[in-house]
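Undergrad: Now for the letters of each chain:
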Amino acid sequence: MDIFLILAEAARSAVGPVAAIYALAAIGLNLHFGYTGLLNFGQVGFMLVGAYGVGISVTVFELPLLVGFLVGLGCAVVLALLLGIPTLRLRADYLSITTIAAAEVLRLVYRAGFAEPLTNGVYGIQNLSGEFRTWNVFFDPGERYGFGAFSFSGNHMWLMTVTWGLVALMALLTWLLMHSPWGRVVKGIREDEEAVRSLGKNVFAYKMQILVLGGLIGALAGSMMAVHQGAIQPDQFKPQVTFFLWVILLLGGAGRVFGPILGSMAFWFLMNFTDKFLRALGAEGYLPFLSGPDYGAIQLAFVGVMLVLLIVFRPQGLIGDRKEMLINVK
Amino acid sequence: MRTRLVTVLLALITAFLVIPGAVATADEQGGESLHGQIGQPDDRDQGVEGILITVFQGEDEIDAVETDSDGIWEVELPEPGGYRLVLDQESVPSEFAVRETTLVVDGVAEVEVEANEQRRVLIALENPGESAGQDESSPSPDDEATEDDDAAADEEVVAVEGVSGGFGERFVQLTAAGLLFGLVIAISAIGLSLIFGTTQVINFSHGDMVTFGAMMALLFSTGAAGLGNSLLAIFAGLGIAILLGAFMEGKLNRTTLIILQWASVFGGIALATLLGVMGDDLGWQVPLWAAAGISVVMGAVLGGTMERYLWRPLRKRNVALIQMFIVSIGLALVVRHVILVLFGASRTRYAGYQVQELVHFGPISMPPRDLVIMAVAIVVLVLVACLLQFTRIGKAMRAVSDNRDLAESSGIDVDRVTLYVWFLGGGLASLGGVLFGLNQVVDYEMGFRLLLLMFAAVILGGLGTAYGAMVGGITVGLVAMLSTLWFPTQLMQAWALALMILMLLVRPQGLLGQRERVG
Numbered sequence: 001m002d003i004f005l006i007l008a009e010a011a012r013s014a015v016g017p018v019a020a021i022y023a024l025a026a027i028g029l030n031l032h033f034g035y036t037g038l039l040n041f042g043q044v045g046f047m048l049v050g051a052y053g054v055g056i057s058v059t060v061f062e063l064p065l066l067v068g069f070l071v072g073l074g075c076a077v078v079l080a081l082l083l084g085i086p087t088l089r090l091r092a093d094y095l096s097i098t099t100i101a102a103a104e105v106l107r108l109v110y111r112a113g114f115a116e117p118l119t120n121g122v123y124g125i126q127n128l129s130g131e132f133r134t135w136n137v138f139f140d141p142g143e144r145y146g147f148g149a150f151s152f153s154g155n156h157m158w159l160m161t162v163t164w165g166l167v168a169l170m171a172l173l174t175w176l177l178m179h180s181p182w183g184r185v186v187k188g189i190r191e192d193e194e195a196v197r198s199l200g201k202n203v204f205a206y207k208m209q210i211l212v213l214g215g216l217i218g219a220l221a222g223s224m225m226a227v228h229q230g231a232i233q234p235d236q237f238k239p240q241v242t243f244f245l246w247v248i249l250l251l252g253g254a255g256r257v258f259g260p261i262l263g264s265m266a267f268w269f270l271m272n273f274t275d276k277f278l279r280a281l282g283a284e285g286y287l288p289f290l291s292g293p294d295y296g297a298i299q300l301a302f303v304g305v306m307l308v309l310l311i312v313f314r315p316q317g318l319i320g321d322r323k324e325m326l327i328n329v330k
Numbered sequence: 001m002r003t004r005l006v007t008v009l010l011a012l013i014t015a016f017l018v019i020p021g022a023v024a025t026a027d028e029q030g031g032e033s034l035h036g037q038i039g040q041p042d043d044r045d046q047g048v049e050g051i052l053i054t055v056f057q058g059e060d061e062i063d064a065v066e067t068d069s070d071g072i073w074e075v076e077l078p079e080p081g082g083y084r085l086v087l088d089q090e091s092v093p094s095e096f097a098v099r100e101t102t103l104v105v106d107g108v109a110e111v112e113v114e115a116n117e118q119r120r121v122l123i124a125l126e127n128p129g130e131s132a133g134q135d136e137s138s139p140s141p142d143d144e145a146t147e148d149d150d151a152a153a154d155e156e157v158v159a160v161e162g163v164s165g166g167f168g169e170r171f172v173q174l175t176a177a178g179l180l181f182g183l184v185i186a187i188s189a190i191g192l193s194l195i196f197g198t199t200q201v202i203n204f205s206h207g208d209m210v211t212f213g214a215m216m217a218l219l220f221s222t223g224a225a226g227l228g229n230s231l232l233a234i235f236a237g238l239g240i241a242i243l244l245g246a247f248m249e250g251k252l253n254r255t256t257l258i259i260l261q262w263a264s265v266f267g268g269i270a271l272a273t274l275l276g277v278m279g280d281d282l283g284w285q286v287p288l289w290a291a292a293g294i295s296v297v298m299g300a301v302l303g304g305t306m307e308r309y310l311w312r313p314l315r316k317r318n319v320a321l322i323q324m325f326i327v328s329i330g331l332a333l334v335v336r337h338v339i340l341v342l343f344g345a346s347r348t349r350y351a352g353y354q355v356q357e358l359v360h361f362g363p364i365s366m367p368p369r370d371l372v373i374m375a376v377a378i379v380v381l382v383l384v385a386c387l388l389q390f391t392r393i394g395k396a397m398r399a400v401s402d403n404r405d406l407a408e409s410s411g412i413d414v415d416r417v418t419l420y421v422w423f424l425g426g427g428l429a430s431l432g433g434v435l436f437g438l439n440q441v442v443d444y445e446m447g448f449r450l451l452l453l454m455f456a457a458v459i460l461g462g463l464g465t466a467y468g469a470m471v472g473g474i475t476v477g478l479v480a481m482l483s484t485l486w487f488p489t490q491l492m493q494a495w496a497l498a499l500m501i502l503m504l505l506v507r508p509q510g511l512l513g514q515r516e517r518v519g
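Chains Z and P supply the protein sequences, listed in that same order. If you're matching positions, the first sequence starts at 1 in this note's numbering and goes up one per residue. If you're matching positions, the second sequence starts at 1 in this note's numbering and goes up one per residue.
Same shape as in the complex, but just chain Z (with noise of 0.2 angstroms):
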């Protein structure tokens, strides 16, 4: 067993596409739980109607990426207000419920066999990369780019560069944000929602701008997503998603805006060190009892008890502020 290579694999998983992808996904989440303290447990539900978004439009209708783009956020906008409006004006808890299952249900409907004209049921929809890459001006794909471990093909570096890019202008985005008067009212919601009802702000509209603008980002996390892998399944936006990107979230540290950002390149470099250990191991005989699909299930479990962890020890992450995350329901 090398563990150099492993070493090297799981930093390069670090600063790839995946780990921007969810980067992105997880500034949203960053709004509406860090900084406002929504409680989004179905942050794939955007994903997942970003990525459909390219994909139907695109395979179906055959319009350009960009329109697939942005029928992708029209449908999180739509997604974000009717889940917002019947429970935005209840407690946390009540937000947290429709989530999940509204996001399990996206899932089942999607992969239904009567949508499957549009969506291809379970089978999902493929070639969605070409012509975001017609859009590569700066590499190219046969070349490889990059040294040692961190070499990845022109298409990859394409791609990392935009995902990348917006998950910077995201970070920024955030950050001027959240130091306008605009963001004040927001985390003051998160602080206290009655003081701030009580300096006669509209609360649920605040509530309601910051859940679209999250999901927004989500739909591009989504729509990046079908354009990196090129092919989407529903399968993909299993619940488990969101789960990774709340420990995303609170590894770096919710309420931050680089906490998603070191967050997802944590996350991602220990996912892959785990896994590839443990199939190291496994090859080398030390794990008898494991076969093949175990690896992924005591990943997922691993991920589980990291969350579980976190929460009980660390709960301001790598970076957060500990006073700002001792938010409660109210």
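Certain hints may be false.
The calculated label-pair distances, taken between Cβ atoms and stated as ranges, are [claimed, not checked]:
(1) N253(P) x G285(Z): 49 to 57 angstroms
(2) P368(P) x L281(Z): 30 to 38 angstroms
(3) R317(P) x A168(Z): 46 to 54 angstroms
According to the in silico footprint, chain Z covers these stretches of chain P (three or more CB under 8 angstroms from chain Z) [what the hints assert, rightly or not]:
(4) 320-333
(5) 451-462
FYI, nobody ran anything at the bench for these hints, they're computed from the structure. All values reported here derive from a predicted model rather than from experimental measurement. Backbone N, C-alpha and C fix where the C-beta goes; we use that ideal spot for every residue, glycine too.
Given the coordinates of chain Z, work out where chain P should sit on it, guided by the hints.
TA: Frame of chain Z, contents of chain P only:
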């Protein structure tokens, strides 16, 4: 502290950046290839062996492969470009046919492969005639409960059996099915609602407690050996420790109590290891009803353990509620995937209860097992209602659920009541799992699928009220089943959710909830 952590992390990342990189990356060294896995239509985990796949580039044959015993195949390609993949229809076992998709037409698929892409090609099999639109009312002359093929092939759907005939008849039949489904939801959801009432925690791991119950019953009814014995030993240890804590507190001095508790926990673990090592020498098997009993007790212990060793310490630490929700999600992931590792992803049914003579009541015909499920569910619901209404502990549960502080100040031992609520909730969740598994199939995600309906049920009935959960559960079951009269089966859960959202708009406190400000 914070800066130190960041520094360490950055140092770590830098260290990997400068690792000399002669290393080729594993996932990209292979060049281009096509691969995939062909599974049986009813159970995609079961591969189909010996299907011949040939890949052409233009007119040149690149390679021909056969699927292995797991149904996996792979073809290495020389270069990026367009390829044609031909499936030898003759080699497909005669009981299956190749499913027509946009990609695979008549057993031929055209694919574009990019540089360094390992492309997965999805090829699916189906039972012949499935896509041609099956006869709606499959006539079964021997009147046996036949499998609904379509529903069995789709693992995410709750199957409805024995529904046929005109609208009126189907309405009655689906009402019966909905009542059954609703009773199962109600049983599982009471715990969820009571736990919310007493602790304000939404237990996202409740669904996985349902799965746990179903799996335990499956384990003990199909023959428990090393694994079952070990699990029993661990749970016995934990159960004794919790009961000691609940009953002996105050009678023994604190140190003795703690020592006894830990001794029992570690004793259980040690015994489990021993039994695990002995393995299959101690094999035994009980009928399903006894296995269900064992699983209910184990579910109660599981609930009690969670409360005693996780939630109570967290409450003592004053961990905020939002954090508790996240902990329960983490717990759900752990339970679900430990079950997956231990029992695998296969979908099984309780043996011996599948093919039964249908019993007819006018237009309704049900297998006897469904009647038993309904009877058990109704009896248990009545018993729970009696418990809550007439016994001391039941009144205490309702009091704590109503107002924790007031209950505490009037002398109720809130911690102990909460523990009992978790016992009750865990036990009922297990029972719900067994009943759900008996009616449908047992697999590691069944509980999570039921969880969404349970949420709908408790919100509909009113969060925190036990009777609300019963009413809500039955309503949700009926709505979900009756919606299939007009809408596709896959939308069942969507209608339950729609009902829930409607309720939140109109009466957020739920049917039986008290009018209070919930926002």
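Undergrad: Now, for every hint given, state plainly whether the structure supports it.
TA: Now for the hints, and whether the structure bears them out:
1. Checked against the given bound of 49 to 57 angstroms, the beta carbons of N253(P) and G285(Z), roughly 50 angstroms apart, stay inside it.
2. Taking the beta carbon of each, P368(P) and L281(Z) are about 50 angstroms apart, not inside 30 to 38 angstroms as hinted.
3. Look at R317(P) against A168(Z): about 37 angstroms separates their beta carbons, and that is not inside 46 to 54 angstroms.
4. Figure legend: the segment 320-333 of chain P, annotated as covered by chain Z; annotation consistent (12 residues with Cβ-Cβ distances under 8 angstroms, at least 3 required).
5. Given a C-beta distance limit of less than 8 angstroms, the hint that chain Z covers the segment 451-462 of chain P holds, as 4 residues qualify and 3 suffice.
Violation of the numbered hints given earlier is confined to hints 2, 3; the remaining hints are satisfied by the structure.
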